[in-house]
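Number of protein chains: 2
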Amino acid sequence: MGGMVNMKLLKDRIINDGRVIGDSILKVDNFLNHQIDVSLFNEIGKEFKKRFDGVNITKILTIESSGIGLACITAQYFNVPVVFAKKALSINLDSEVYQSKVFSFTKNTLYNVFVSKRYLKQDDNVLIIDDFLANGHAAMGLMDIIGQAGANVAGIGIAIEKKFQEGRKKIMDRGARLESLAIIESMAGGKIVFA
Amino acid sequence: MGGMVNMKLLKDRIINDGRVIGDSILKVDNFLNHQIDVSLFNEIGKEFKKRFDGVNITKILTIESSGIGLACITAQYFNVPVVFAKKALSINLDSEVYQSKVFSFTKNTLYNVFVSKRYLKQDDNVLIIDDFLANGHAAMGLMDIIGQAGANVAGIGIAIEKKFQEGRKKIMDRGARLESLAIIESMAGGKIVFA
Chain A
7 MGGMVNMKLL KDRIINDGRV IGDSILKVDN FLNHQIDVSL FNEIGKEFKK RFDGVNITKI
67 LTIESSGIGL ACITAQYFNV PVVFAKKALS INLDSEVYQS KVFSFTKNTL YNVFVSKRYL
127 KQDDNVLIID DFLANGHAAM GLMDIIGQAG ANVAGIGIAI EKKFQEGRKK IMDRGARLES
187 LAIIESMAGG KIVFA
Chain B
7 MGGMVNMKLL KDRIINDGRV IGDSILKVDN FLNHQIDVSL FNEIGKEFKK RFDGVNITKI
67 LTIESSGIGL ACITAQYFNV PVVFAKKALS INLDSEVYQS KVFSFTKNTL YNVFVSKRYL
127 KQDDNVLIID DFLANGHAAM GLMDIIGQAG ANVAGIGIAI EKKFQEGRKK IMDRGARLES
187 LAIIESMAGG KIVFA
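Residue numbers (our numbering), protein chains in the order written: chain A, 7 to 201; chain B, 7 to 201.
Quick caveat, the hints were computed from the structure, so don't treat them as lab data. Among the hints, erroneous ones may be present.
[What the hints assert, rightly or not] Heads up, simulated DSSO-like pairs for lysine-lysine below, C-alpha to C-alpha not over 27 Å straight-line: (1) LYS175(A) / LYS56(A); (2) LYS33(A) / LYS107(B); (3) LYS113(A) / LYS56(A); (4) LYS52(A) / LYS33(B); (5) LYS176(B) / LYS123(B); (6) LYS176(A) / LYS93(A); (7) LYS55(B) / LYS175(B); (8) LYS33(B) / LYS107(A); (9) LYS123(B) / LYS197(A); (10) LYS107(B) / LYS175(B); (11) LYS33(B) / LYS93(A); (12) LYS14(A) / LYS52(A); (13) LYS17(B) / LYS175(B); (14) LYS197(A) / LYS17(A); (15) LYS55(A) / LYS197(A); (16) LYS113(B) / LYS113(A); (17) LYS52(B) / LYS33(B); (18) LYS52(B) / LYS55(A); (19) LYS127(A) / LYS175(B); (20) LYS17(A) / LYS123(B); (21) LYS93(A) / LYS107(A); (22) LYS176(B) / LYS123(A); (23) LYS197(B) / LYS113(A); (24) LYS107(A) / LYS123(B); (25) LYS33(A) / LYS52(A); (26) LYS33(A) / LYS123(B); (27) LYS113(B) / LYS93(A); (28) LYS55(B) / LYS93(A); (29) LYS55(B) / LYS113(A); (30) LYS107(A) / LYS17(A); (31) LYS197(B) / LYS123(A).
[To be verified] Stretch-level coverage of chain A by chain B, calculated; a stretch enters the list once three of its residues show a Cβ under 8 Å from a Cβ in chain B: (32) 75 to 85; (33) 151 to 157.
In this text, a Cβ means the ideal position worked out from N, Cα and C, and glycines have one as well.
The following block holds chain A by itself, in its conformation from the complex (with noise of 0.2 Å):
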């Protein structure tokens, strides 16, 4: 019930402050990744901890950038460190990464993804936290990454779902367990449908 409760949360939110552009374009800027609502990612993060509940996690993974505060709140109500996946290489990354290719349909270009070796290990249980899920391409490359370091994807946990784009196949394809707290059936015509 509490879970329920969360999600009304976001979904309200989501209703009031969204902004739908075309028929697949969501604009949650307002709140989710460009201004920041810690209060709400504090009940993300929450409702996160009950749909892993008793699940062995030793790591959140994310990718830079809008998934950072996310996992980073979340973390906290698990108590494993948080791992961002660098989109570019600097000299503060090593030479020693995983990396793996991301398309952004929202920047329309394809980039590398970098993790340092130093950061998942065999014996890592990860959980990817993200702001949305589309078409999936940055989970694709999280869990390409986890499996190069020989890790175990222990699920994936997405704040919003997009569910007419193909993220959700291609996770299930991988038989990954998948939590998205609002999960949006449609916004033809610019009207959202929660799932």
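Once you've looked at the hints, dock chain B against the given chain A.
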């Protein structure tokens, strides 16, 4: 005294897990900007709250990517939203933006940073939070953006300051209040000396 303990925690971590490259690069990707020790961030956030106790703060501003986690964790102690400046225009960003230029030493590039005009207003009192202060490029860019919005810079909170670089002087020249939790006087010969 709590503050002293917190700072010791961060300084010990820098000594134990930081890696000095050359005389000026400090890699702390083990706990700060690739893998993130969220419980350490909680202590840093509490310390920022102590340092800026009684200061009117309505918003925390940071810059993607490595400032986001620290800003979100810190925001829990101030009960204000976080806004993070973006480094690239995307379809998720509004067309009406404040914009500034920032040079990244670690990536050796000059890039634009953007904040939607929706999320910084004239009556905002803004606390800038970032993981590092070195040459002050990011802090200057964020102060520039706050100025464009007609908002007030309430202060700047930094986890690790490299005092032997130009950042502190630039911020002092602007008359802003700077609180750095671990101030490094020198890293010559690979040895970290705190101020």
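Hint-by-hint comparison with the structure:
1. LYS175(A) / LYS56(A): Distance of about 24 Å is within 27 Å: holds.
2. LYS33(A) / LYS107(B): OK: LYS33(A) and LYS107(B) at ~25 Å, within 27 Å.
3. LYS113(A) / LYS56(A): violated (33 Å)
4. LYS52(A) / LYS33(B): Violated, because 32 Å separates the two Cα atoms, which is more than 27 Å.
5. LYS176(B) / LYS123(B): holds (26 Å)
6. LYS176(A) / LYS93(A): holds (22 Å)
7. LYS55(B) / LYS175(B): Status holds; Cα separation ~24 Å.
8. LYS33(B) / LYS107(A): Holds, at roughly 25 Å.
9. LYS123(B) / LYS197(A): holds (26 Å)
10. LYS107(B) / LYS175(B): Holds, at roughly 19 Å.
11. LYS33(B) / LYS93(A): Judged against 27 Å, a Cα distance of about 18 Å means the pair holds.
12. LYS14(A) / LYS52(A): holds (14 Å)
13. LYS17(B) / LYS175(B): Roughly 22 Å separates the two Cα atoms, so the pair holds.
14. LYS197(A) / LYS17(A): holds (13 Å)
15. LYS55(A) / LYS197(A): Between LYS55(A) and LYS197(A) the Cα gap is close to 30 Å, so the pair fails against 27 Å, i.e. violated.
16. LYS113(B) / LYS113(A): Given pair LYS113(B), LYS113(A) holds - Cα atoms ~20 Å apart, limit 27 Å.
17. LYS52(B) / LYS33(B): The hint holds at about 24 Å.
18. LYS52(B) / LYS55(A): holds (23 Å)
19. LYS127(A) / LYS175(B): violated (42 Å)
20. LYS17(A) / LYS123(B): Within the cut-off at roughly 25 Å; holds.
21. LYS93(A) / LYS107(A): holds (9 Å)
22. LYS176(B) / LYS123(A): Violated, at roughly 37 Å.
23. LYS197(B) / LYS113(A): violated (42 Å)
24. LYS107(A) / LYS123(B): This hinted pair is violated, its Cα atoms lying about 33 Å apart.
25. LYS33(A) / LYS52(A): holds (24 Å)
26. LYS33(A) / LYS123(B): holds (15 Å)
27. LYS113(B) / LYS93(A): Within the cut-off at roughly 12 Å; holds.
28. LYS55(B) / LYS93(A): violated (31 Å)
29. LYS55(B) / LYS113(A): violated (36 Å)
30. LYS107(A) / LYS17(A): violated (31 Å)
31. LYS197(B) / LYS123(A): holds (26 Å)
32. 75 to 85: holds (count 7)
33. 151 to 157: violated (count 0)
Comparing the model with each numbered hint stated earlier shows that hints 3, 4, 15, 19, 22, 23, 24, 28, 29, 30, 33 do not hold.
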